[in-house]
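Chain A is already provided as a structure; the job is to place chain B on it using the hints.
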Amino acid sequence: MAALFVLGALAFSLAILALRRSPALLVDALHSSMRRFIELAPRMIVGLLLAGFVGKLIPSELVAGLIGPETGLWGVLIASIVGGFVPSGPILAFPIVVVLLASGAGLPQVVAFITAWSLLAFHRLIIYELPIMGWTFCWQRIVASLPLPPIAGGITMGLMKIYYG
Amino acid sequence: MRKTHEDRSKPARSVNWRTIFFDRVMLVMTGVMAICGSACWWLRGSEAFFDSFHSDLQTLLDILPKIALALVTAALVQALVPREFIVRWLGEKSGLKGVSIATGVGVITPGGPMMSFPIVSAMSNAGTGRAALIAYLTSWETLGFQRILSWEFPLMGVEYALIRAIASIPLPFIAAWMSSLLPPELPRDPVPGSTMAPGRGGD
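Protein chains in written order, with this note's numbering: chain A, 88 to 252; chain B, 603 to 805.
A few of these clues could be false.
What the hints assert, rightly or not - Taking lysine to any residue pairs in the SDA-like style, the calculated list, with each CA pair at most 20 Å apart, reads:
#  : chain 1 : residue 1 : chain 2 : residue 2
1  : B       : LYS668    : B       : LYS695
2  : B       : LYS668    : A       : GLY95
3  : B       : LYS668    : B       : GLN748
4  : B       : LYS668    : A       : LEU117
5  : B       : LYS699    : B       : LEU783
6  : B       : LYS668    : A       : ILE132
7  : A       : LYS248    : B       : ILE771
8  : B       : LYS699    : B       : GLN748
9  : B       : LYS695    : B       : GLY706
10 : B       : LYS668    : A       : LEU91
11 : B       : LYS695    : B       : SER782
12 : A       : LYS248    : B       : LEU764
13 : B       : LYS668    : A       : GLN227
14 : B       : LYS699    : B       : VAL683
15 : B       : LYS695    : A       : GLN227
16 : B       : LYS668    : A       : PRO129
17 : B       : LYS695    : B       : ILE776
18 : B       : LYS668    : B       : LYS699
19 : B       : LYS668    : A       : ALA102
20 : B       : LYS668    : A       : PRO237
21 : A       : LYS248    : B       : ILE768
22 : A       : LYS248    : A       : PRO177
23 : B       : LYS668    : A       : SER100
24 : A       : LYS248    : B       : ALA763
25 : A       : LYS248    : B       : ALA670
26 : A       : LYS248    : A       : PRO237
27 : A       : LYS248    : B       : PRO772
28 : A       : LYS248    : B       : GLY759
29 : B       : LYS699    : B       : ILE710
30 : B       : LYS668    : B       : SER657
Read the hints as simulated data drawn from the structure, not as lab findings.
Bound conformation, chain A alone:
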């Protein structure tokens, strides 16, 4: 609700700004955003349905069980791959993080997991990124992001060595 209010206030003040410059500017912007909304909505609905079904097919507990309390670089790599396949938002992904930490997984593995999930989050990809940005941008961004989870895990390993000795 708060998000809706902030967005509304932002849109309203920008609309006033545009209106003061020229009413045509405001009308144009409203018109193009309305058209964009109509065009995006069907894709987002399909994406939402798809993400929901995939979430049912791959339960989150299964994902947490895959990483386990591994340590070392190998664990970081596994966590990077597993994290990329978590098909849900933070409401389901962070409980996995809690389970991982509680079951003794190291922070580097957890960081690799969170990074992979944040960058590749399948549901966000199909609900937002694909409908809004298109295939080409999506695959290019994903390719550019592939090395990041292990890198973040590796940096975390280094930081922990410095910080905790």
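Then chain B, alone, in the frame of chain A:
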């Protein structure tokens, strides 16, 4: 300015229904959705199927008004900020400066994907380069302050959350650099709505 498709230069006044329902992305997604839906019904039962349906409907009701407002906001920002300004600071030739700015904006962007993706779309239409767009998304995804505050501080503890954030600072820059190794920017897919003439009315 990427005018790869004829209709992009025209300020289309009507919605093109054909491109909404019969383009590649929509068809592939619908197909995969049908397969996953059937698999869900088959493997998990009709109850799981309708359960998923129900929660999707709730999510939809939650995000539709937000995405509508975010699209209006993005369109207004695009109309108000001069295109030359965006190109100069975030365009293809802006280099490390553009990537740094995009990373900073990503950190402070509040709200979920219903906020960040309309921003990305508007930035892209307004002339932001690929490297800066990828840096923005990477930064928002791994360093977004709101998620760190609302999820990681309470669930991982401040110390672990901060270590993770510090380890993630280089990521947007690495992703931007990686993207520069990819083939030069290809013409985009005909994404609906990119017919929005860039910077229209702004000058």
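Each hint tested on the structure:
1. Of the supplied pair hints, the one linking B/LYS668 and B/LYS695 is violated, its CA atoms being roughly 33 Å apart against a limit of 20 Å.
2. Simply put, B/LYS668 and A/GLY95 have alpha-carbon atoms about 9 Å apart, close enough for the 20 Å limit, and the pair holds.
3. A C-alpha spacing of about 17 Å is found between B/LYS668 and B/GLN748, which places the hinted pair at or below 20 Å, so the restraint holds.
4. Proximity of B/LYS668 to A/LEU117 is assessed by CA-CA distance (about 15 Å); at most 20 Å being required, the pair is judged to hold.
5. For the hint linking B/LYS699 to B/LEU783, the alpha-carbon distance of about 18 Å falls within 20 Å, and the restraint holds.
6. With a C-alpha separation of about 14 Å, the suggested pair B/LYS668 and A/ILE132 falls inside the 20 Å cut-off, and the hint holds.
7. Distance check on the hinted pair: A/LYS248 and B/ILE771 sit about 18 Å apart at the alpha-carbon level, within 20 Å; holds.
8. At roughly 24 Å between alpha-carbon atoms, B/LYS699 and B/GLN748 are farther apart than 20 Å, so this suggested pair is violated.
9. At most 20 Å may separate the alpha-carbon atoms for a hinted pair to count; B/LYS695 and B/GLY706 meet this at roughly 18 Å.
10. The suggested pairing of B/LYS668 with A/LEU91 holds, with an alpha-carbon distance near 6 Å, which does not exceed 20 Å.
11. For the hint linking B/LYS695 to B/SER782, the alpha-carbon distance of about 11 Å falls within 20 Å, and the restraint holds.
12. Distance check on the hinted pair: A/LYS248 and B/LEU764 sit about 15 Å apart at the alpha-carbon level, within 20 Å; holds.
13. For the hint pairing B/LYS668 with A/GLN227, the CA-to-CA distance comes to about 27 Å; that exceeds 20 Å, so the pair is violated.
14. Only pairs whose Cα atoms come within 20 Å are accepted, and B/LYS699 paired with B/VAL683 is accepted, the gap being roughly 19 Å.
15. In summary, the hint linking B/LYS695 to A/GLN227 is supported, as the alpha carbons are separated by about 18 Å, within the 20 Å threshold.
16. Of the pairs offered as hints, the one joining B/LYS668 and A/PRO129 holds, with about 16 Å between alpha carbons and a cut-off of 20 Å not exceeded.
17. For the suggested pair B/LYS695 and B/ILE776, the alpha carbons sit about 17 Å apart, so the restraint of at most 20 Å is met.
18. With a C-alpha separation of about 31 Å, the suggested pair B/LYS668 and B/LYS699 falls outside the 20 Å cut-off, and the hint is violated.
19. In summary, the hint linking B/LYS668 to A/ALA102 is supported, as the alpha carbons are separated by about 16 Å, within the 20 Å threshold.
20. For the given pair, B/LYS668 sits about 34 Å from A/PRO237 by alpha-carbon distance, which is inconsistent with the 20 Å threshold.
21. Proposed proximity of A/LYS248 and B/ILE768 is supported: the alpha carbons are some 14 Å apart, at most 20 Å.
22. A C-alpha spacing of about 29 Å is found between A/LYS248 and A/PRO177, which places the hinted pair above 20 Å, so the restraint is violated.
23. For the hint linking B/LYS668 to A/SER100, the alpha-carbon distance of about 16 Å falls within 20 Å, and the restraint holds.
24. Restraint check for A/LYS248 and B/ALA763: the C-alpha separation of about 16 Å stays at or below 20 Å, so the hint holds.
25. Annotation: proposed proximity of A/LYS248 to B/ALA670 is violated, straight-line Cα distance about 47 Å (limit 20 Å).
26. Under the criterion of a C-alpha separation no larger than 20 Å, the hint pairing A/LYS248 with A/PRO237 is consistent with the structure, at around 17 Å.
27. Between A/LYS248 and B/PRO772, the direct Cα distance comes to roughly 18 Å. Compliance with the 20 Å bound is thereby established for this hinted pair.
28. Distance check on the hinted pair: A/LYS248 and B/GLY759 sit about 19 Å apart at the alpha-carbon level, within 20 Å; holds.
29. With a C-alpha separation of about 17 Å, the suggested pair B/LYS699 and B/ILE710 falls inside the 20 Å cut-off, and the hint holds.
30. A distance of roughly 17 Å separates the Cα atoms of B/LYS668 and B/SER657; the hinted pair therefore holds under the 20 Å criterion.
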